[in-house]
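Q: Each chain, written out:
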Amino acid sequence: MTRTLPLTIVMIAAAVLTIVLCTFTGPAGFGIPSAGQGAADIVGGIRLPRVLAAFFVGASLAVAGAAMQALFKNPMADPYILGTSSGGALGASLAIVFLGGFFVPIFAWIGAVVAILIVWSIAGRRGVISVETLLLTGIAVSFFFSAIVSFLIAIAGQNVHQIIFWLMGGFWNASPSDAILSACILVPAGALLFFMGRDLNALSLGEETAAHLGIDATRARWAVLGGSTLLVAGAVSIAGCIGFIGLVTPHIVRMLMGPDNRVVIPACILAGGMLLVISDTLARTFFSDLPVGIITAFIGAPFFIWLIHQRGMAT
Amino acid sequence: MNDKYSIHAQNLHAGYGTIEIVKSVSCTFAPGTFTGIIGPNGSGKTTLLRTFSRVIPASGILLLDGKPVSDYTPAELGMALGFVPQDEGRPFPYTVMQVVLMARYARTSRFAALVPEDYARCHRALAETGVSHLADRSIRTLSGGEWQRVLIARSLAQDTKVLLLDEPTSHLDLSHQSDILTLMRRLAGSGSTIIGVFHDLNLAALYCDRLIMIQHGELVADGTPAQVLTPKKIREVYGADVVTSCHPATGRTFLMPIKTANGTNSAGKPLNVQVISGGGSGSDLLHFLSGKCLSLSLGILATTDTDYLTAQALDIPCVPVLPFSPIPAHALEKFKRMLSRADRIILSVHPVGTGNLPVIGALSEVDPARIIIHLPEGRDFSSYDYAKGAAAAAFENLCATGAQCTTSYDGILQHLYPVAPETHE
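Protein sequence lines correspond, in order, to chains P and B.
So the first sequence is numbered by the working numbering: it starts at 1 and just counts up by one.
So the second sequence is numbered by the working numbering: it starts at 1 and just counts up by one.
Be careful, since some hints might not be right.
Unchecked claim - What follows is a set of in silico ranges between Cβ atoms, one per label pair, in the way DEER data are often shown:
hint	chain 1	residue 1	chain 2	residue 2	range
1	B	Val115	P	Ile252	28 to 36 Å
2	P	Val187	B	Ala113	49 to 57 Å
3	P	Phe98	B	Ile61	49 to 57 Å
4	P	His309	B	Arg137	19 to 27 Å
5	B	Pro68	P	Leu117	51 to 59 Å
6	P	Thr8	B	Gly17	41 to 49 Å
Claimed, not checked - These stretches of chain P come out as covered by chain B in the derived footprint (C-beta under 8 Å, 3 or more residues):
hint	segment
7	164-177
8	199-212
9	288-299
Unchecked claim - A short, non-exhaustive set of chain B residues, derived as facing chain P with CB atoms under 8 Å:
hint	residue
10	Val55
11	Ser59
12	Pro91
13	Tyr94
Because the hints were derived from the structure by calculation, they are not lab data.
In this text, a Cβ means the ideal position worked out from N, Cα and C, and glycines have one as well.
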């Protein structure tokens with residue numbers, strides 16, 4: 001409680017600093033490139049939108065992860081592991097192949113919603129969701145959707161590059177409109193989940209408990225599902241599949257600030273944004289613009305294994 | 001018209017999917033009462049409780065404080081009714097205080113912060129269940145009993161008039177069981193409506209004003225513990241044999257399980273043991289034998305005899321006759337038929353006068369090898385003779401013709417199970 005305010009101030013400052021520093025960092029080193037107008041275009045027209053898009057996408061994924069973890073009563077939940085991201089990717093791929101790239105965000109959202117509903121109806125049927133059931137169901141749904149995406153790639157013809165881009169996850173050609181779109185999704189959906197912090201707290205102890213505490217559990221569940229899938233769909237339609245940000249960030253935040261979701265959600269916005277901006281800056285600066293999804297997986301997968309190990313020790 | 005009841009259920013049906021668990025339950029709960037819901041595993045106790053709290057949809061009439069529960073908003077319900085689950089998952093490391101503060105959500109706008117009164121109420125609730133010292137601990141580090149008391153504290157902090165508890169003491173040790181149930185009695189005393197599901201019938205009998213017994217989702221008994229907890233009812237509903245009595249210290253109904261018949265004779269049936277006693281000589285012996293896997297029966301007993309009351313309490317068949325009158329011929333005939341069916345006959349030596357001498361006489365007609373005579377240590381047959389020597393002679397005669405004589409209960413067991421001494425308990 002007493003640590004919350006100073007930590008929040010530190011995190012806001014760190015987030016602003018990260019955005020500024022990363023905007024001025026590139027393959028040419030740190031600083032404003034010297035060559036006049038062209039350099040300003042690079043920083044303001046290419047790097048700044050890219051950094052902002054990465055920040056908003058990272059924030060979206062982290063907030064969605066935190067909300068899903070509370071809803072599924074399970075700290076192992078994550079949009080990537082639960083198949084939501086692959087659902088989004090499938091929706092996006094369908095839009096690319098059959099609609100020539102129009103309505104990608106909408107189709108990504110529909111795909112994400114379908115995926116999470118499938119996982120929910122299989123794993124969450126009896127009220128209690130075990131880690132094993134949840135992960136296995138998520139993986140099964142992921143594989144199934146990935147198979148459909150592979151099929152689409154096989155028949156895609158000229159659009160194949162665009163689809164592969166979604167799957168790798170990256171910000172190569174992030175435009176100012178991407179940054180604006182992700183902000184437009186993050187602000188209302190993030191605000192919704194922020195003001196549902198206490199609903200998330202109660203839901204994380206079980207839907208029945210939430211109902212007994214005077215929470216409209218059914219409405220809260222649908223609101224959380226709707227908000228978090230919207231965030232994932234926005235992220236996927238801009239940057240493709242970027243894993244583990246949604247898993248790792250809430251864990252780090254809880255370690256620092258405790259599990260109260262009224263704190264976790266806003267902190268995830270800052271921490272998730274920072275994590276992805278730093279990862280993307282690393283990708284484009286040191287790894288000749290490697291897809292950032294590879295970087296986050298390199299960091300996230302060992303972290304996930306460490307989490308499983310920790311849980312094993314606890315029980 | 002129903003305002004005097006906190007909960008008024010009429011023709012309530014509820015279940016999961018197509019399976020109906022609660023069937024046509026009608027009952028009312030008045031303020032200031034502590035009611036226990038009892039019944040065997042899977043009888044629908046918890047489901048009934050969850051039906052009351054609206055988490056399971058039900059058909060029928062369900063009024064909370066005179067108003068249909070379906071008319072309550074979620075927040076109103078959270079202020080009217082508290083629920084303590086048996087256990088609750090703890091995936092995240094909230095502190096105890098954070099979990100208890102969730103009780104105040106229903107009373108606070110989501111855009112407002114909790115006020116000092118909320119914190120004070122929660123601290124008081126923690127103190128009431130004896131977990132104040134855990135306030136800042138992570139819930140993941142608590143023991144099952146500590147967690148259960150935290151859950152009870154949370155529902156107390158909800159400040160509701162109705163409190164539903166699902167086996168509130170299942171994880172608690174003896175002293176905490178009594179602390180929590182005493183607290184519930186006190187709450188009932190100050191006007192709350194407390195309803196709890198109980199596994200432990202003695203705890204329920206000790207603390208509840210009223211018990212409701214559920215079987216296969218239907219209400220089968222409703223009344224004071226003494227009215228509901230009869231050996232007959234328990235056998236019908238639980239399929240278990242018990243003896244009941246009034247606890248000398250608490251004055252409340254007290255219940256003791258006894259092993260159901262599973263000792264066997266050569267035909268694979270429980271060993272059929274006929275006990276002949278009188279004047280209270282058999283009561284102690286019957287209590288001793290009732291736990292020993294035997295199919296017991298008693299002989300001819302006057303309805304004023306202590307042994308007759310024991311037979312009633314233990315539900316052992318006997319041949320009752322009127323006191324102070326000669327034994328009727330049909331009773332004697334019935335007794336002889338029972339004797340002929342018995343694998344073993346235990347004669348607990350008791351005062352015999354001319355009135356009950358025919359009972360002993362009847363024994364001369366059975367194979368003496370089946371008879372075990374129990375004569376208390378340091379006594380002789382003549383001290384039980386009130387028939388001018390005829391009774392003592394009859395006893396002596398049985399011994400002489402091959403009946404086994406013993407002075408101890410262990411001796412009786414050794415004669416009952418001559419080749420299987422390990423059957424002793």
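Q: Should the interface hint for Pro91(B) be scored as holding, given a Cβ-Cβ cut-off of 8 Å against chain P?
A: holds, 5 Å
Q: Cut-off 8 Å, C-beta pairs, minimum 3 residues; does the coverage of the segment 288-299 of chain P by chain B stand?
A: Answer violated; 0 residues pass the 8 Å Cβ test.
Q: Apply the coverage criterion to the segment 199-212 of chain P and chain B: a residue qualifies when its Cβ sits closer than 8 Å to a Cβ of the chain, and three qualifying residues are needed.
A: Result for this restraint: holds, n = 10.
Q: Is the distance from the Cβ of Pro68(B) to the Cβ of Leu117(P) consistent with 51 to 59 Å?
A: With Cβ atoms ~32 Å apart, the hint is violated.
Q: If I claimed the Cβ atoms of Phe98(P) and Ile61(B) lie 49 to 57 Å apart, would that claim hold in this structure?
A: About 54 Å separates the Cβ atoms of Phe98(P) and Ile61(B), which means 49 to 57 Å holds.
Q: Using Cβ atoms only, decide whether Val55(B) comes closer than 8 Å to chain P, and label the hint accordingly.
A: With Cβ-Cβ at 5 Å, under 8 Å, it holds.
Q: When the nearest CB of chain P is found for Ser59(B), is that gap smaller than 8 Å?
A: Violated, because the Cβ-Cβ distance from Ser59(B) to chain P comes to roughly 19 Å (cut-off 8 Å).
Q: Going by Cβ atoms only, is Tyr94(B) closer than 8 Å to chain P?
A: Interface hint status for Tyr94(B): holds (5 Å vs cutoff 8 Å).
Q: Given the range 19 to 27 Å, decide if the beta-carbon distance of His309(P) to Arg137(B) lies inside it.
A: holds, 24 Å
Q: Taking 41 to 49 Å as the stated bounds, is the beta-carbon spacing between Thr8(P) and Gly17(B) within them?
A: Holds - the Cβ-Cβ distance for Thr8(P) and Gly17(B), about 46 Å, lies within 41 to 49 Å.
Q: If I claimed the Cβ atoms of Val115(B) and Ile252(P) lie 28 to 36 Å apart, would that claim hold in this structure?
A: With a Cβ separation near 32 Å, Val115(B) and Ile252(P) satisfy 28 to 36 Å, so the hint holds.
Q: Using C-beta distances, would you say chain B covers the segment 164-177 of chain P, given that this needs three or more residues below 8 Å?
A: violated (count 0)
Checked against the numbered hints given earlier, this structure breaks hints 2, 5, 7, 9 and 11; the rest are met.
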